[in-house]
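Respectively, the protein sequence lines represent chains A and B.
The first sequence lines up with residues 1 to 285 when you count with the numbering used here.
The second sequence lines up with residues 286 to 539 when you count with the numbering used here.
For the record, the hints were derived by calculation from the structure and aren't laboratory data.
There could be a bad hint or two in this list.
[To be verified] Here are some, though not all, of the chain A residues that point toward chain B, as calculated from beta-carbon distances under 7 Å:
1. Gln202
2. Arg275
3. Ala277
[Stated by the list, open to error] Far from chain B, some chain A residues (derived; all Cβ distances over 12 Å):
4. Ser15
5. Trp25
6. Glu66
7. Asp177
8. Pro209
9. Leu256
10. Phe276
As the structure is a computational prediction, the values presented were derived from the model and not from experiment.
Ideal Cβ positions, reconstructed from N, Cα and C, are used throughout, including at glycine.
Below are the chains, spelled out letter by letter.
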Amino acid sequence: MKPAPALAQGFPDLSGTRIAREPHWFRWISAALIVLVLAAIARAFANGQIEWSYVGRFLTVKVILEGIVNTMVMAVLAMMLGIFLGIVVAIMRLSPNPVLKSVAAGYTWLFRGTPLILQLLLWFNLALVFPTIGIPGLWTARAVDVMTPFLAALLGLGINQGAYTSEVMRAGMLSVDIGQYEAAQAIGMGRLRALRRIILPQAMRVVIPPLGNEFIGMVKATSLASVIQYPELLHNAENIYYANSRVIELLIVAGLWYLLVVSILTPLQMLLERRFARGTLRLAR
Amino acid sequence: MTKPLVAIRSVSKNFGEFQALKNVSLDVWPGEVMCLIGASGSGKTTLLRCINQLATIDAGGIWLDGELLGVREHGGRLHRLSEHQIGRQRLKTGMVFQRFNLFPHKTALENIIEGPTQVQGRKLDEVRAEAIELLRRVGLAAKADAYPAQLSGGQQQRVAIARALAMKPMLMLFDEPTSALDPELVGEVLAVMKELAKSGMTMMVVTHELGFAREVADRVVYMDQGAIVEQGRASDVLGAPREERTKAFLSAVI
Numbered sequence: 001m002k003p004a005p006a007l008a009q010g011f012p013d014l015s016g017t018r019i020a021r022e023p024h025w026f027r028w029i030s031a032a033l034i035v036l037v038l039a040a041i042a043r044a045f046a047n048g049q050i051e052w053s054y055v056g057r058f059l060t061v062k063v064i065l066e067g068i069v070n071t072m073v074m075a076v077l078a079m080m081l082g083i084f085l086g087i088v089v090a091i092m093r094l095s096p097n098p099v100l101k102s103v104a105a106g107y108t109w110l111f112r113g114t115p116l117i118l119q120l121l122l123w124f125n126l127a128l129v130f131p132t133i134g135i136p137g138l139w140t141a142r143a144v145d146v147m148t149p150f151l152a153a154l155l156g157l158g159i160n161q162g163a164y165t166s167e168v169m170r171a172g173m174l175s176v177d178i179g180q181y182e183a184a185q186a187i188g189m190g191r192l193r194a195l196r197r198i199i200l201p202q203a204m205r206v207v208i209p210p211l212g213n214e215f216i217g218m219v220k221a222t223s224l225a226s227v228i229q230y231p232e233l234l235h236n237a238e239n240i241y242y243a244n245s246r247v248i249e250l251l252i253v254a255g256l257w258y259l260l261v262v263s264i265l266t267p268l269q270m271l272l273e274r275r276f277a278r279g280t281l282r283l284a285r
Numbered sequence: 286m287t288k289p290l291v292a293i294r295s296v297s298k299n300f301g302e303f304q305a306l307k308n309v310s311l312d313v314w315p316g317e318v319m320c321l322i323g324a325s326g327s328g329k330t331t332l333l334r335c336i337n338q339l340a341t342i343d344a345g346g347i348w349l350d351g352e353l354l355g356v357r358e359h360g361g362r363l364h365r366l367s368e369h370q371i372g373r374q375r376l377k378t379g380m381v382f383q384r385f386n387l388f389p390h391k392t393a394l395e396n397i398i399e400g401p402t403q404v405q406g407r408k409l410d411e412v413r414a415e416a417i418e419l420l421r422r423v424g425l426a427a428k429a430d431a432y433p434a435q436l437s438g439g440q441q442q443r444v445a446i447a448r449a450l451a452m453k454p455m456l457m458l459f460d461e462p463t464s465a466l467d468p469e470l471v472g473e474v475l476a477v478m479k480e481l482a483k484s485g486m487t488m489m490v491v492t493h494e495l496g497f498a499r500e501v502a503d504r505v506v507y508m509d510q511g512a513i514v515e516q517g518r519a520s521d522v523l524g525a526p527r528e529e530r531t532k533a534f535l536s537a538v539i
């Protein structure tokens, strides 16, 4: 065997030389400035007209805790309604049937095109349009009795959410390779079974990050239901400050609770993502 | 006299202005292994897709096992079958795709049992035992619980073949089953197909693997511009082509 040719001279051996740490002056300066600004803001609030003791005292009173429970109940139920409607509407939108397609497009257009607070007020005041509702001959009721703040908030938030979720779902379904539809058809599956067994599980992986986003939005959007007397967190906080005039203190209480809930939801979303990432990572088992 | 398993009569298919199939007629006999060769765009893949109705034909008719596909004749007109009826007809054919199209969220075993349990409504225990046997047959008994992303291309394609076989089809359709594979993985897939051919399965194989065609095919069909140009025994079509277009294609491929 011939020896390897001799290497050229003039290129020193760097294998033992370490890379020097960079000073990063700008990072230090900017960090110091930001700390100063934050300290100034904290000082302003500490010396401002806020009774921090009230914040602490009202953070865990019964009415506030009930408010947060009502907020979460409404957010979860409305989101479930929204996801259900979203899936149905997305499937209609992608169907070859022009009637279903148009109905789906019309729904999205109507409920995305008007403000959520307006929709909530419309549902709540439905009794003004239809004093009695029901199925003629079978069952009727006065609309004011049926359309409670709870039901109005659920319908308003859920149906509005469905319009947004349908677009998220449609994007997820379109992201699945066409070959997956064909493989499902080739083993004899119909359209709906292929969607349920093959397409939707794969679409879920794509739609969970935007759905997590939508759910966080929903938690905060429930505060709009305060205008129709649904006793959620903000509504209950308002009721307290109408009585004791501690406006800022109670708004801070509500704000802290919203922050806490959203902070808990973020890691939950990551767990869900991992659940639906089955088979996509080489090492996932 | 035996009847052909597949009878294709005067079939045409257009994609807009493009004529993918022009008045194609062909018989496939039970137990026959047929290789379809030709340049891309010659219509061989489209013909396969028409047989398992992933594409609908514009004119003519295809009979599988004596049954007209996709439509029903009534009162002098053809009426399209329902999605359900088409799904039932598809069960007679198994399809293997160029890009495997395994379900990525299911393991190899789950991919195979999906059709028999979900579509045919068969019992899980019985199907699972068959699926394990099929995996063994394609040499992947150890990979039952692997997800497609954990398998090589050749392994994925072998699972895809097992998935198609699990439906117990009368006819297997292969659409360029080795074209997406690295060269060193082609052999393992072809070996499974050879074994299948030997077992007596009726097969239509769209392929560029002329060596496979020469060795396994009972008949080679050369297509160009949506029509059948020449067909016959592999040794004749590949060894001594009569048509100029076949000669030109073969000299370009080899």
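Confirm or reject: A/Trp25 is not an interface residue toward chain B, with every Cβ-Cβ distance exceeding 12 Å. holds, 45 Å
Confirm or reject the statement that A/Leu256 sits farther than 12 Å, beta carbon to beta carbon, from all of chain B. holds, 40 Å
Please confirm whether A/Glu66 is truly not at the interface, meaning its C-beta sits more than 12 Å away from all C-beta atoms of chain B. holds, 41 Å
A/Ser15 clear of chain B by more than 12 Å, beta carbon to beta carbon? holds, 36 Å
Supplied contact hint for A/Gln202, tested at 7 Å Cβ to chain B: At 6 Å from the nearest chain B Cβ, A/Gln202 passes the 7 Å test, so the hint holds.
Is A/Asp177 truly not at the interface, in the sense that its beta carbon sits beyond 12 Å from all beta carbons of chain B? violated, 8 Å
Checking the smallest CB distance to chain B, is A/Pro209 really beyond 12 Å? A/Pro209 clear of chain B: closest Cβ-Cβ about 17 Å, beyond 12 Å.
Hint validation: A/Ala277 versus chain B, beta carbon distance must be below 7 Å. Holds or violated? It is violated, given that the least Cβ distance between A/Ala277 and chain B is near 9 Å, above 7 Å.
Using the nearest Cβ pair, does A/Arg275 come within less than 7 Å of chain B? violated, 11 Å
May I ask you to check that A/Phe276 keeps its beta-carbon over 12 Å from the closest beta-carbon of chain B? Violated, since 8 Å does not exceed 12 Å.
Violation of the numbered hints given earlier is confined to hints 2, 3, 7 and 10; the remaining hints are satisfied by the structure.
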